[in-house]
Amino acid sequence: MERGDQDFNILLATDSYKVTHYKQYPPNTSKVYSYFECREKKTEPSRDRKVKYDKTVFYGLQYILHKYLKGKVVTSEKIQEAKKVYLEHFQDDVFNESGWNYILQEYDGHLPIEVKAVPEGSVIPRGNVLFTVESTDPKCYWLTNWVETILVQIWYPITVATNSREQKKILAKYLKETSGSLDGLEYKLHDFGYRGVSSQETAGIGASAHLVNFKGTDTVAGIGVIKKCYGTKDPVPGFSVPAAEHSTITAWGKDHEKDAFKHIVTQFPSVPVSVVSDSYDIYNACEKIWGEDLRDLIESRSAKAPLLVRPDSGNPLDTVLKVLDILGKKFLPVENSLGFKVLPPYIRVIQGDGVDINTLQEIVEGMKTNRWSIENISFGSGGALLQKLTRDLLNCSFKCSYVVTNGLGVNVFKDPVADPNKRSKKGRLSLHKSQSGEYLTLEEGRGELEEYGVDLLHTVFHNGKIVKTYTFDEVRENAKLKDCEVQQLLN
Amino acid sequence: ILKNTEFLFMLSITHYKQYPPDISKVYSYFECRSRSEGQFNEVVFFGLQYLLKKYLAGPVVTEDKIQEAKIFYQLHFRQPVFDEEGWRKILEKHDGRLPICIKAIPEGKVIPRGNVLFTVENTDPDFYWLTNYVETMLVQVWYPITVATISREFKKILAKHLKATSGSLEGLDFKMHDFGYRGVSSQESAALGGAAHLVNFCSTDTVAGIQMVRRYYGCPMAGFSIPAAEHSTIISWGKNREKEAFESLLDQFPSGPVSVVSDSYDIFNACKRIWGDELKERVMERSADSTLVIRPDSGDVAETLLQVIKILEDCFGCSLNSMGYKLLPSYLRIIQGDGIDLGSVDEVLKKLRDKGWSAENVFFGCGSTLLQKMNRDTLNCVFKCSYVETNGRGMDVWKQPVTDPSKGSKRGRLSLRRNSNGFLETVERGAGKPEEDLLVTVFENGSILQEYTLEEIRKNAQLWQEDIIPCQHNQDHLQAEQQHIMNAVH
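Chains D and H, in that order, give the protein sequences.
The numbers in my numbering rise by one with no breaks, and the one at position 350 of the first sequence is 350.
The numbers in my numbering rise by one with no breaks, and the one at position 449 of the second sequence is 449.
Read the hints as simulated data drawn from the structure, not as lab findings.
Just to be clear, a hint being listed does not mean it is correct.
To be verified - Lysine to aspartate or glutamate pairs mimicking EDC-like chemistry, simulated, CA-CA at most 16 Å apart:
1) Lys373(H) / Asp392(D)
2) Lys23(D) / Glu244(H)
3) Lys407(H) / Asp281(D)
4) Lys228(D) / Glu244(H)
5) Lys426(D) / Asp392(D)
6) Lys355(H) / Glu303(H)
7) Lys254(D) / Glu389(H)
8) Lys23(D) / Asp251(H)
9) Lys239(H) / Asp392(D)
Stated by the list, open to error - To give an idea of the interface, some chain D residues facing chain H are shown, with a C-beta separation under 7 Å as derived from the structure:
10) Leu12
11) Asp278
12) Lys388
As the list claims (entries may be wrong) - Here chain D is said to cover these stretches of chain H; the calculated rule only asks that three of the stretch's residues, wherever they fall, bring their Cβ under 8 Å from a Cβ of chain D:
13) 88-94
14) 246-253
15) 293-304
16) 442-455
Ideal Cβ placement from N, Cα and C applies to all residues, glycine included.
Full structure from sequences and hints, please.
Structure below.
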């Protein structure tokens with residue numbers, strides 16, 4: 001495995017206030033134990049959420065461990081750098097220089113913490129422990145929550161993977177209902193989000209999270225993350241097709257849209273090619289240019305190399321239905337075994353504008369109502385897939401639940417009077433599966449009793465070493481839609 | 001020397017085959033499109049310098065990277081579409097440096113929506129395809145622009161209330177603290193977003209932002225913080241020892257400000273019984289330099305704050321400032337860091353004011369809303385081709401979808417000027433006069449030609465007079481304006 005990021009300084013990768021926390025724990029504290037969960041929201045405001053997100057996909061810890069926490073992350077240069085920065089930043093000497101020097105000396109700069117986690121890709125109901133962190137050296141009790149800031153950023157890959165999977169369920173349901181099979185499901189939602197995320201690094205993480213559920217992406221950065229931190233048996237985990245953008249159409253001039261279209265489909269005769277068609281008038285493009293002027297050219301394409309007509313403006317559902325109608329008049333559809341219309345195999349539609357989990361539902365429902373099979377369409381999503389998400393969506397939270405002070409273990413928790421949703425779990429935690437297959441988090445160390453069976457949290461990181469890893473194939477396997485899940489969607 | 005060894009070639013890689021034959025120039029621009037109903041009428045331009053320095057400057061193309069990309073794209077597209085020859089030409093002709101030219105408005109400038117902010121064009125006819133190749137990377141500037149803009153909007157609200165209730169803007173730069181490090185999507189976004197906030201404020205816990213500004217914007221220390229508790233450092237004492245936890249904090253940090261989260265079990269009890277009674281003397285020992293800043297962190301934002309400040313008034317008393325608004329004693333303040341957004345900040349300060357409290361009493365922290373809860377559509381940031389040259393002839397190009405007029409793009413070569421009324425406007429179709437153009441060449445053929453320091457950027461992004469005029473005066477002013485216009489019509 002590759003080395004972590006050399007420029008990165010873990011001593012400077014925390015919330016400022018955590019620099020001062022080593023002074024704030026009770027005296028003679030020798031252990032701080034914390035956990036991470038996607039809290040349940042028991043009291044939901046009256047504006048009912050359409051999508052419940054009752055379960056989350058656990059993904060992304062391995063990236064953080066690999067890139068930021070493993071190996072020798074403390075050096076004397078980094079300690080000195082941090083010391084200087086904090087002196088200026090706080091206008092005071094509050095930095096725990098000796099604490100970090102201790103780690104450098106005793107552990108050769110490796111972090112004396114232990115992380116136990118549920119396997120990556122696991123789909124777990126809200127309100128369960130997903131990973132725990134504890135210090136392994138009494139002198140480093142303060143380290144557990146130092147790494148909270150960086151570990152809590154796992155909210156992002158978890159949320160992207162979860163939201164992407166919820167969309168997969170919607171697509172699976174309607175695809176099955178309108179075509180009888182799930183063929184091509186993995187290519188039905190394409191990642192268009194590269195430009196719409198907040199940074200290159202986010203693009204990589206988010207794109208990889210989407211690829212847990214799907215295989216179509218234009219966010220190339222995701223592939224690098226998967227290769228470096230997870231590994232796949234396939235040479236690449238994500239694929240794309242040649243596609244136009246507005247500039248490659250408009251550069252031909254307003255009166256030459258047809259020449260642009262013709263040139264582009266001719267450049268890519270034997271693979272699928274996507275052509276954005278709304279630069280001036282999507283309906284005219286579909287009816288006159290694709291439907292008449294270039295019709296023969298399109299009809300000569302094989303089923304392996306369809307033209308994908310891409311609208312990119314207007315109300316998504318209305319536009320899709322109108323485009324299907326127009327194309328359907330020029331390229332006569334057939335009825336599939338369930339009585340839904342399917343365009344000839346050499347032409348399809350890709351809707352990549354305004355797609356989020358809600359509009360996706362609207363479009364596939366609208367198509368079904370109008371007797372169009374979902375085989376006709378695929379979707380692209382950008383901002384909604386990779387950016388329009390926050391930590392609050394799944395209430396991702398990291399909290400201390402257990403400490404050892406003066407040799408005694410104490411179960412600790414918060415329980416703010418004004419918000420029962422913010423109450424945290426107590427004591428040492430473990431995750432179990434009951435006989436009926438339900439997940440259960442046990443608190444206060446109860447899971448250590450034999451009767452509850454095996455703890456599903458595995459040690460993944462110990463004193464600077466990653467001790468258990470998952471391949472991306474295993475992640476995908478854990479996160480796949482189960483047959484019973486698909487069955488439930490159809491009922 | 002390559003700055004970023006992980007930088008992979010982006011998609012758009014099939015576009016070189018799609019442009020008209022004999023095309024020799026592609027010229028594109030970036031704007032934050034106008035919206036008729038709109039919350040944000042002006043934007044702060046920030047962040048391009050980071051992208052240029054980190055990803056585009058110097059020799060970014062090497063033979064190794066070409067080979068890596070070739071293999072990769074063969075697998076990704078399942079066929080050869082990668083323009084190996086095109087990239088090798090950059091290596092051979094230009095030493096791996098990108099033959100493009102970028103002109104931009106100076107960073108920190110505050111520009112109305114719907115104006116060109118920067119333009120990109122290829123400088124060598126062989127590389128017409130390069131302009132839009134870098135689109136994906138450059139469009140990510142939407143993020144620092146949006147954070148800096150929203151952060152500045154917070155500043156406007158805070159300035160209004162501060163001026164109205166205290167008569168001055170002292171301390172404004174510390175009123176909004178960045179709590180967003182854990183709630184953003186990556187370390188890099190934290191750095192970029194954290195830096196963008198520091199354009200407007202000096203208060204942050206997102207250490208990554210400080211480092212970013214030091215490396216890319218020439219400011220060694222752009223933001224400050226204070227010792228503060230978190231829930232774990234309170235609850236670890238045990239439920240019955242919250243007082244001991246609080247007291248220990250006062251002991252450990254005797255001589256500077258300290259912030260103590262006080263809602264672990266019962267915020268009202270903590271304020272009334274622990275701070276206001278059991279530890280009252282210890283609190284009163286502190287000075288204006290070692291303020292205790294009490295932090296609620298749950299419940300309704302405004303209601304909780306009002307209740308807390310009332311309890312503190314009852315326990316510690318208050319005085320009146322020069323404008324007649326109430327002030328807690330100088331050793332005591334409040335910071336509200338939960339549930340803060342543009343709406344709730346305004347609401348809280350308004351309610352406080354209605355109850356006679358000065359905005360000086362409260363500080364704010366913001367996490368997600370400051371650094372994560374935004375997207376490219378928040379300010380409609382787009383990059384579009386507006387001009388090409390084919391067969392030696394220039395042509396203005398644009399899109400104008402019938403399905404959405406607001407998605408129409410600008411035409412031709414663009415420049416930004418200040419018109420005779422003093423307003424900024426974009427001139428299209430190459431009609432702009434070079435001497436009036438406010439766009440500056442910042443990048444050309446791999447070199448950065450113009451840099452800005454945070455100091456300059458902060459100056460450019462300062463609030464204007466009309467942002468600071470107190471509320472009532474603003475209303476009168478507005479009404480007077482409207483009268484004037486009506487009269488003029490008559």
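Unmet hints by their number, sorted upward, for this structure: When the structure is compared with the hints, numbers 4, 5, 9, 13 and 16 turn out to be violated.
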